[in-house]
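Participant: Line by line, the protein sequences give chains D and G.
Letter by letter, the first sequence follows residues 1 to 246 in my numbering.
Letter by letter, the second sequence follows residues 247 to 565 in my numbering.
Hint data in this document are derived by calculation from the structure and do not stem from the laboratory.
Hints should not be assumed to be uniformly reliable.
Listed below are the simulated DSS-like cross-link pairs for lysine-lysine, each with C-alpha atoms no more than 27 Å apart in a straight line [as the list claims (entries may be wrong)]:
| hint | chain 1 | residue 1 | chain 2 | residue 2 |
| --- | --- | --- | --- | --- |
| 1 | D | Lys244 | G | Lys388 |
| 2 | G | Lys537 | D | Lys16 |
| 3 | D | Lys221 | D | Lys16 |
| 4 | G | Lys430 | G | Lys260 |
| 5 | D | Lys244 | G | Lys423 |
| 6 | G | Lys529 | D | Lys240 |
| 7 | G | Lys423 | G | Lys433 |
| 8 | G | Lys556 | D | Lys240 |
| 9 | D | Lys219 | G | Lys388 |
| 10 | D | Lys219 | D | Lys244 |
| 11 | G | Lys407 | D | Lys240 |
| 12 | G | Lys522 | D | Lys16 |
| 13 | G | Lys430 | D | Lys240 |
| 14 | G | Lys430 | D | Lys244 |
| 15 | G | Lys537 | D | Lys219 |
| 16 | G | Lys430 | D | Lys144 |
| 17 | D | Lys221 | G | Lys537 |
| 18 | D | Lys105 | G | Lys423 |
| 19 | D | Lys105 | D | Lys51 |
| 20 | G | Lys272 | D | Lys244 |
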Amino acid sequence: MNVLVCVTKTPDTTAKIGFVEQNTRFDISGVQFIMNPYDEWYALVRALELKEAQGGKVTLISVGGADCDQVIRKGLAIGADEAVRIDVQPVDAYQVATEIATYVKANTFDIVFTGKESIESNGSEVGAMIAEILDWPFLSYASKMDMEGPTATVDLEIEGGEDTVQADVPFVISAAKGLAEQRIPNMRGIMMAKSKPLQVVPGSGVAPRTAISSYTMPKEKSAVHLVDPENMSELVRLLKEEAKVI
Amino acid sequence: MVLVFAESGDGRIKKSGQEAITFGKKLATQAGTTCTTLLLGPIDAPGDAGIYGADLVVHLPHDGFTHFDSQTWSRAICEVATARNAEYVVLSHSSRGKALTGRVAIRLQAGCVSGVTELPNLSSGCLVTKGVYSGKAFASLKIATAIKVLSVMGNAIQPTKDGTAVPVEVMDLEPGKAGVTFVKTDKVEGTVPLPEAERVVSAGRGMKGPENWGIIEDLAAELGATTACSRPVADSDWRPHHEHVGQTGIAIRPNLYIAIGISGAIQHLAGVNRSKVIVVINKDPEAPFFKAADYGVVGDLFEVVPRLTKAIQDMKAAG
Ligand SMILES: Cc1cc2nc3c(=O)[nH]c(=O)nc-3n(C[C@H](O)[C@H](O)[C@H](O)COP(=O)(O)OP(=O)(O)OC[C@H]3O[C@@H](n4cnc5c(N)ncnc54)[C@H](O)[C@@H]3O)c2cc1C
Ligand SMILES: Nc1ncnc2c1ncn2[C@@H]1O[C@H](COP(=O)(O)O)[C@@H](O)[C@H]1O
Chain D
1 MNVLVCVTKT
11 PDTTAKIGFV
21 EQNTRFDISG
31 VQFIMNPYDE
41 WYALVRALEL
51 KEAQGGKVTL
61 ISVGGADCDQ
71 VIRKGLAIGA
81 DEAVRIDVQP
91 VDAYQVATEI
101 ATYVKANTFD
111 IVFTGKESIE
121 SNGSEVGAMI
131 AEILDWPFLS
141 YASKMDMEGP
151 TATVDLEIEG
161 GEDTVQADVP
171 FVISAAKGLA
181 EQRIPNMRGI
191 MMAKSKPLQV
201 VPGSGVAPRT
211 AISSYTMPKE
221 KSAVHLVDPE
231 NMSELVRLLK
241 EEAKVI
Chain G
247 MVLVFAESGD
257 GRIKKSGQEA
267 ITFGKKLATQ
277 AGTTCTTLLL
287 GPIDAPGDAG
297 IYGADLVVHL
307 PHDGFTHFDS
317 QTWSRAICEV
327 ATARNAEYVV
337 LSHSSRGKAL
347 TGRVAIRLQA
357 GCVSGVTELP
367 NLSSGCLVTK
377 GVYSGKAFAS
387 LKIATAIKVL
397 SVMGNAIQPT
407 KDGTAVPVEV
417 MDLEPGKAGV
427 TFVKTDKVEG
437 TVPLPEAERV
447 VSAGRGMKGP
457 ENWGIIEDLA
467 AELGATTACS
477 RPVADSDWRP
487 HHEHVGQTGI
497 AIRPNLYIAI
507 GISGAIQHLA
517 GVNRSKVIVV
527 INKDPEAPFF
537 KAADYGVVGD
547 LFEVVPRLTK
557 AIQDMKAAG
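The shape of chain D in the complex, shown without the other chains (with noise of 0.2 Å):
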C-alpha cells in the first residue's frame, strides 16, 4: 500500500485565541503549534499499521510554510518513511486540496487520508474537495475500517450511529476518533526522523476562492447566575421563564 497522509499544523488546543491588525490576522505570539490531532493521533497511526500489516510506504503532505517544519518532523519520528512540503501558504481548502491532488496525480497513491476536520479551520472540506479532483471515493468521518486485499471495510460516523460501507482502492479517507490509538514517538523515531527526506515543493499557483476578511470573539458571557443547590425548583422556574428553553 502506497499511502499519503494529509497533515497541517493547528495552535495547540489549550491555545489562547487572539486577532491582530484590525481583527484580520490570528495572532501567533505566545501560541505553540501542533499536529491536527485528527492528522497525529488516527489518520498517521493507521496508515502505520496498514504499512505495518501489509508494506508500502507513508508519505507525510503538508501545504505550507517552513513553520509547518517541526510538525511535519514529528510525524516522521511518530514512523512516516518521508514527506513532502508544498511551499504555499495556505489560504483556503480549495487551494490546499488542489495543491495535494496535483501532487497525487504526478505520483502513485493507493490511499489518501485526511483528519476528519482541522480543529482552526473546522471546515471538514479538504478531504472531500481532493476525492472530487481525483473522482475517488470518499470515505468521510471514518471510525474504524479493515482492509482486505484492495477492499475497505471502514465504519462511518453519522449522527446517533455509524454506517458501514465498502470501497476499493484508490479512495480518500477521513480520520475521526476510534480508526487507531494515538502513538508517542520514542528516542529512536526523532534521532531516525532527521535523516528521513523532507522535499519542499513550489505549488502550482492556483488561486484560493475564499479569504478571511475578520475574525470576531463570541460575546462575553455575563456573571452565572447561581442557584442555591436547596432550590431546585427555582432553576426549573429561570429555565422556563426566563431562559425560555424548557
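Chain G with the ligands: place on chain D using the hints.
Facilitator: Structure of chain G with the ligands alone, referenced to chain D:
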C-alpha cells in the same frame, strides 16, 4: 436561484434539512430570488418542503439514492444546480453534508464555506460567518466566485413552519455506479442524536464511575434530552465514544447544555460553548466551567441532580 439540498430519512425531511430550507429561503429573499429544494431518494410528501420555505421542489426518487454515496449524490446535486442556474447551493453541515459540500464546490467551480452560523451579508459581495478555532472565534469570509456553496451549521437557524406544500417536479435521473457499497447502518435507538439534540445532559469525571449514570439518564429522560460526556469518561469506557463532546469529540450547539461534574477544560468548552444556555453543576466553586455558564449550582451532584429531576417532575405535574 438558491438550490437547497435537504436531507431526508425514513421518508421525511430531516431537521437539518428543514433548517437548510429555511436558511435557503431567507437567503433567496435577501438576494431577490427564489428557493428550490432538491430531494433525493424515496420520500413520502416531497411538496412539504414548502412548509419550511421552498418555492419549488425537485425530486429525484430513484431507488439508487436510498443509500448515501458522496460521489453519485454530489453529481446529482450539481446536475440540477447547473441545469437550473443556481447561484447558491445550500447544504447541511451534517455527516452527509460534510462529505458532499467540498465535492459540490469543486464540481461547480464554486467557492465554499462550511458550518455557516448566520445568513450571509450581501451588501457588498457575499460575506459569510462561521465558527473557527473550535468555537473560540468567528470568521467572516468573502466568497469570490460567481456560484457559492454554503453548508449550514446545525441549530444555527430555527426552521419556520408557516408555509404550505408546493409543486414537485419529478426528475428521472439515475445515480450511476456508486463509489462505495453500503453494508449496514447501526443507530442508537430511541434518542435524538447529539448533533441534532436541542437539550443535552452531560457528565464528567465527577460521577466517580459508570455505575452512577442512572441519575444522569433519569434527568435526561425527564427533559427529553440526549446524554453526553467529557473525554476522560469516554476514554475510560464509562460511556460510549459517540457521547464524547469537545474539541476532539463532537461539537454541539443545543438550546440547553447541562454540565454535571465536568471541570470545564478549554478543550471541553470548545465543543459546547456555542450552546444557547449553559447550566453547570459542580461542587467546586472555582471550577472554570462557571465562567462559561449562564446558571450555576455549587453543590454535590449526587444530591443536586435527583433534586433537579424531581423539580422538573413537579413542574410537569403542576402543568
Ligand atoms: C489535545 C487535547 C484534546 C482534548 N479534547 C477534549 C474534548 O474534546 N473533550 C473533553 O471533554 N476533554 C478534552 N480534553 C481533556 C480536557 O483537557 C480535560 O482533561 C477533561 O475535559 C476533563 O474532564 P472532566 O471535566 O470530566 O474531569 P475533571 O477535570 O477531573 O473534572 C471533574 C469535575 O467534577 C467535579 N466534581 C467531583 N465530584 C463532584 C461531586 N460529587 N459533585 C459535583 N461535582 C463534582 C470536580 O470539582 C471537577 O470540576 C482534551 C485534552 C487534550 C490535551
Ligand atoms: N495545509 C494543509 N496541508 C495538508 N493537509 C491539510 C491542510 N489543511 C487541511 N489539511 C487536511 O485536511 C483535513 C481537513 O481539514 P479542513 O477541511 O480544513 O477541516 C485536515 O485534517 C488535514 O488532514
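Participant: Decide, hint by hint, whether the structure agrees.
Facilitator: Results of checking the hints against the structure:
1. D:Lys244 <-> G:Lys388: violated (35 Å)
2. G:Lys537 <-> D:Lys16: Answer holds: G:Lys537 to D:Lys16 is near 15 Å, not above 27 Å.
3. D:Lys221 <-> D:Lys16: holds (17 Å)
4. G:Lys430 <-> G:Lys260: holds (20 Å)
5. D:Lys244 <-> G:Lys423: Measuring from Cα to Cα gives roughly 49 Å; hence the hint is violated.
6. G:Lys529 <-> D:Lys240: holds (24 Å)
7. G:Lys423 <-> G:Lys433: holds (26 Å)
8. G:Lys556 <-> D:Lys240: holds (15 Å)
9. D:Lys219 <-> G:Lys388: holds (22 Å)
10. D:Lys219 <-> D:Lys244: Distance ~20 Å between D:Lys219 and D:Lys244 Cα, so the pair holds.
11. G:Lys407 <-> D:Lys240: holds (23 Å)
12. G:Lys522 <-> D:Lys16: holds (22 Å)
13. G:Lys430 <-> D:Lys240: violated (41 Å)
14. G:Lys430 <-> D:Lys244: violated (39 Å)
15. G:Lys537 <-> D:Lys219: Judged against 27 Å, a Cα distance of about 13 Å means the pair holds.
16. G:Lys430 <-> D:Lys144: holds (14 Å)
17. D:Lys221 <-> G:Lys537: holds (8 Å)
18. D:Lys105 <-> G:Lys423: holds (23 Å)
19. D:Lys105 <-> D:Lys51: holds (21 Å)
20. G:Lys272 <-> D:Lys244: holds (25 Å)
Violation of the numbered hints given earlier is confined to hints 1, 5, 13, 14; the remaining hints are satisfied by the structure.
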